[in-house]
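Visitor: Modelling step: build the complete structure from the supplied sequences, incorporating the hints.
First to last, the protein sequences are chains A, B, C and D.
If you count the first sequence from 1, position 41 lands on 41 in our numbering, and the numbers rise without skipping.
If you count the second sequence from 1, position 215 lands on 215 in our numbering, and the numbers rise without skipping.
If you count the third sequence from 1, position 66 lands on 66 in our numbering, and the numbers rise without skipping.
If you count the fourth sequence from 1, position 9 lands on 9 in our numbering, and the numbers rise without skipping.
In short, the hints are calculated from the structure, not lab data.
Computed from a predicted model, the values in this text were never measured in an experiment.
It cannot be assumed that every hint is accurate.
Where chain D lies over chain C, by a calculated footprint (3+ residues, C-beta under 8 angstroms) [unchecked claim]: (1) 104-116; (2) 152-162; (3) 246-252.
No farther apart than 20 angstroms at their CA atoms in a straight line, the calculated lysine to any residue pairs in the SDA-like style are these [unchecked claim]: (4) Lys10(B) with Pro145(C); (5) Lys22(B) with Ala142(B); (6) Lys10(C) with Asn280(B); (7) Lys22(B) with Met1(B); (8) Lys10(B) with Asp32(B); (9) Lys10(B) with Arg20(B).
Cβ atoms here follow ideal geometry from the backbone N, Cα and C, with glycine treated the same way.
This is what each chain is made of:
There are 4 protein chains.
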Amino acid sequence: MQLGMVGLGKMGGNMAGRLRDKGHEVVGFDFDPELRDVASLSELAQRLEAPRTIWLMVPAGAPTLQTITSLTEVLEPGDLVIEGGNSHYVDDRRRADELREMGIGYVDAGVSGGVWGREEGYGIMVGGDPRDVTRAEPVFSALTPDDGGYVHAGGVGAGHFVKMVHNGIEYGMMQAFAEGYELMAASDIVDDVPGTFDSWREGTVVRSWLLDLLVRALREDPELEAIRGYAQDSGEGRWTVQAAVDHAVPAPVISAALFARFASRQEDSPAMKVVAALRNQFGGHAVTKAADDPARTPRS
Amino acid sequence: MQLGMVGLGKMGGNMAGRLRDKGHEVVGFDFDPELRDVASLSELAQRLEAPRTIWLMVPAGAPTLQTITSLTEVLEPGDLVIEGGNSHYVDDRRRADELREMGIGYVDAGVSGGVWGREEGYGIMVGGDPRDVTRAEPVFSALTPDDGGYVHAGGVGAGHFVKMVHNGIEYGMMQAFAEGYELMAASDIVDDVPGTFDSWREGTVVRSWLLDLLVRALREDPELEAIRGYAQDSGEGRWTVQAAVDHAVPAPVISAALFARFASRQEDSPAMKVVAALRNQFGGHAVTKAADDPARTPRS
Amino acid sequence: MQLGMVGLGKMGGNMAGRLRDKGHEVVGFDFDPELRDVASLSELAQRLEAPRTIWLMVPAGAPTLQTITSLTEVLEPGDLVIEGGNSHYVDDRRRADELREMGIGYVDAGVSGGVWGREEGYGIMVGGDPRDVTRAEPVFSALTPDDGGYVHAGGVGAGHFVKMVHNGIEYGMMQAFAEGYELMAASDIVDDVPGTFDSWREGTVVRSWLLDLLVRALREDPELEAIRGYAQDSGEGRWTVQAAVDHAVPAPVISAALFARFASRQEDSPAMKVVAALRNQFGGHAVTKAADDPARTPRS
Amino acid sequence: MQLGMVGLGKMGGNMAGRLRDKGHEVVGFDFDPELRDVASLSELAQRLEAPRTIWLMVPAGAPTLQTITSLTEVLEPGDLVIEGGNSHYVDDRRRADELREMGIGYVDAGVSGGVWGREEGYGIMVGGDPRDVTRAEPVFSALTPDDGGYVHAGGVGAGHFVKMVHNGIEYGMMQAFAEGYELMAASDIVDDVPGTFDSWREGTVVRSWLLDLLVRALREDPELEAIRGYAQDSGEGRWTVQAAVDHAVPAPVISAALFARFASRQEDSPAMKVVAALRNQFGGHAVTKAADDPARTPRS
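Guide: So this is what it looks like as structure tokens:
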């Protein structure tokens, strides 16, 4: 089928390539003139036959919001917008309501797989009205692997909600491997840490794609000497914890993984300054006598 | 090669079966007369040609300790004991020292894979002196999958140490999936939780054997109605946390997963009684006036 | 000074009583005719001299929002609203903007101390424009203890923000005592758990008001037999974790305390069902052979 | 009464001073000739009338063990050793058994209060046989505050066990304050963080000695600029987590506080290197095609 793709960066560009390989017609727009087929969103709208299907693959937040606003000026009733970026599911719901009033459909699609997806297919999780979703199924089918990787999880927002949860789980799994690595590296008992991870790829309970990637990383750099222990977080981990709190769901592992990333980015921890200051106070330096103390002595 | 197998339960029996399928000669002993080839450890020793190799697959703790003690009475210098159960790595080291004085070798082998291992092969992690380990390699090779699943991780204890860490990681991964499941189930936005997990088996970052197993479980029972939220822990999770503490390694995810299991087994939580009691005290029921209070009023 | 008090429940009623004891004139409104001095908000506005000061002490959320909306119909430019309930600091900021357009001032006041405050004074944390705050200082002064308990923490929202953080800290402290209690109770080594807590009230690092309350609770019920391990959370704990996530602040202790409360209220844990189901799958019951398996066998 | 004090450092010296102030006769030994009354343990034994009472206040571990061994050579049946340092409760039990065979009593005493104890009294938690404990009560009474601070918690080991738990609770409380501080400092909404903590000293739920100390620290250095976020741990926190794991007691808060200290001491986190390496692998740099990959591509 025919598809407009807005955003032709690493993800959008690879997805457009995979779709073309599978026989779909993709007309792409990007701010970078090198990457795009059309020079503007209005030209994009003109090039596509109505009813149009437009896939958004731009950064979350303001860029996505602005692109949707601009699109509403060039789209017509009956057209369909697929938000494939990392929007928050609550934003999806509000936007879908706004577009529905203009007669424009809205589907949210969470996309997993990173740079590997071009070859292996992406995991695609979709939320939206069944009619809208059905209409775009040829696209979803082309993007996913041959034998799976696709779910229509629920109404608008459900796609990004489950993608968010997927990433929260991913945080927990990564941190679990990370803690295991550190413990083996810290002990003096394990002579071959990379070989141990490699052996786990067959026959064990922890075999997984993340383990495969970790083995790759350890082959390139067995002690990870070239890598700093500094980890960004991309938003979905935070949203997962906040959604868990909203729903009164205990999420100790996902939150611990998120907090470990926060801490990894701090040069000095304000919290641990407090702990150090308190240790300092009761441990021996604060020998000012109670009577002289401008701070009233406790319980005196 | 020829191997004595002590303990022919679910794990030991399956392993003996796989070894025989691969052409090895296994002489088995178990307390259950139905399962065994020989009626005693001394008969086992007589049936095996020296130097003997004996694989132990009995419950951890006292049973393993007693079996080793009994074995020392029937084995000779040059024989080799492979402890394939779930011993603690510190116990391995002590036992290896004791056996070495008798001229008997000791190798510890962590085994992963559960009931699936008979067909697919086990993950085997080995610790021990290189000569002892080399001698038993035909056995390890037959037990593991064709293209991996084996590591000689270090000296005595290293096999059980990395198996322990493996299980700690496994705890964290399981809890990550569990939290994600609960959040999706608690929300009113996801219509198809089992289908979402199924879709994740292809193309996503979280694809893994545990995910495959979870999909199987959800096919059998989509809302897990027949299962109580009650989870045992098998020892390795505890040891992982304790080893992390010993080595000053932060392990927030693995410990959170362990504590969630502890809590799942409590009918009522003593800790949460304290929280409830405190809320009760400051929240409004404890209106005894300060002056009447046998407990001295704070800071009055 | 003269003050209107809206909401005369346990907190509002006690605060009105304390203010009157300290010589202030309080005109109170409540939906309960037994408690109130005036029968409506408009009568309240008539009874107070302009410029009026109105203290709100009604449940957070919709009741507070509706009361403010109703108040705007009877108040005049120059009047001042003090929101003393448990509003979220972001809501404070939005409301203050709306009231400012009508010429009405808005101050948010976090109140701590529970039922003990009537006698001992409340902790009061205030956010707002300095002129508005200064105007209400006689009220704050009467509500707080003689020698402290008051802070003007910042602009609108700051009062409820620091009250929220106070409660987050409180959650962590309560859980710390709770874990310590459970560990002592679980061991067979401590003969006198209540006496141990009692001894800690003097000379130790953990001495605190919460400890005093715990000692009271243990005097009434040394093994907390009459109390279920079931703990509500009041909103501020959740907001603290969400604010920490928003600000990329690691909050492992406060979040762990919150999650423990969530878990305490579950009859059965969906997450732990998943853990149990996974253990079930790899542990021995799922012996369907790979070839027969409708779920594709992992990595076969 | 008459007491031998071994170890006259900051803690032992202050305690000896307090005991003398209260009328007790203290004969002190230390390796530092400046501090001691007698030059050797045997001289100490000679100077004390039988039956002797000796209080040990030396560093935990080897120094305590060696001192006890040396003492057994100069003490006689009927004498009593009080171990006031930070021994592990399991070590106490083993030592008490050994001393009992020589007719020497053993009492373990956990001591809290730091440098403030000299003036205000120490919290003292005691484990041991009732006859031994009773005999030393005049000493305990002199060391503790006038109206509390003392508990005989159980048999040998119980004193150090509850002191260990006390410190675990202390870890959790400190971390709770620390997280609250960091959140307030990270927000742009709180103008007066030190003043907020100060206000909490009256009327609030979190009022406590640790809060008093934090207020002191913030008066000296309102933004804690002179302090690095680097916190040691002293052993008891680790033991508390390990004891919790041994007893299947969930301890998420105490363990989180401990792990935060571990992390604070790392220049670079090996675990977070793994997280960063994994993000690197799936995020876009690892574009080696599957077919060229020496690491078998997952599920290809």
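Visitor: Indicate, hint by hint, whether the structure satisfies it.
Guide: Status of the hints after comparison with the structure:
1. Given a C-beta distance limit of less than 8 angstroms, the hint that chain D covers the segment 104-116 of chain C holds, as 3 residues qualify and 3 suffice.
2. Residues of the segment 152-162 of chain C with a Cβ under 8 angstroms from some Cβ of chain D number 8, which satisfies the need for three, so the listed coverage holds.
3. Residue count for the segment 246-252 of chain C with a Cβ under 8 angstroms from a Cβ of chain D: 6. That meets the three needed, and the coverage hint holds.
4. Restraint check for Lys10(B) and Pro145(C): the C-alpha separation of about 69 angstroms exceeds 20 angstroms, so the hint is violated.
5. For a cut-off of 20 angstroms, the pair hint linking Lys22(B) to Ala142(B) stands: about 6 angstroms separates their Cα positions.
6. In summary, the hint linking Lys10(C) to Asn280(B) is supported, as the alpha carbons are separated by about 14 angstroms, within the 20 angstroms threshold.
7. Only pairs whose Cα atoms come within 20 angstroms are accepted, and Lys22(B) paired with Met1(B) is accepted, the gap being roughly 10 angstroms.
8. Restraint check for Lys10(B) and Asp32(B): the C-alpha separation of about 12 angstroms stays at or below 20 angstroms, so the hint holds.
9. About 16 angstroms separates the Cα atoms of Lys10(B) and Arg20(B), which keeps this hinted pair within 20 angstroms; it holds.
This entry does not satisfy hint 4, going by the numbered hints stated previously; all others are met.
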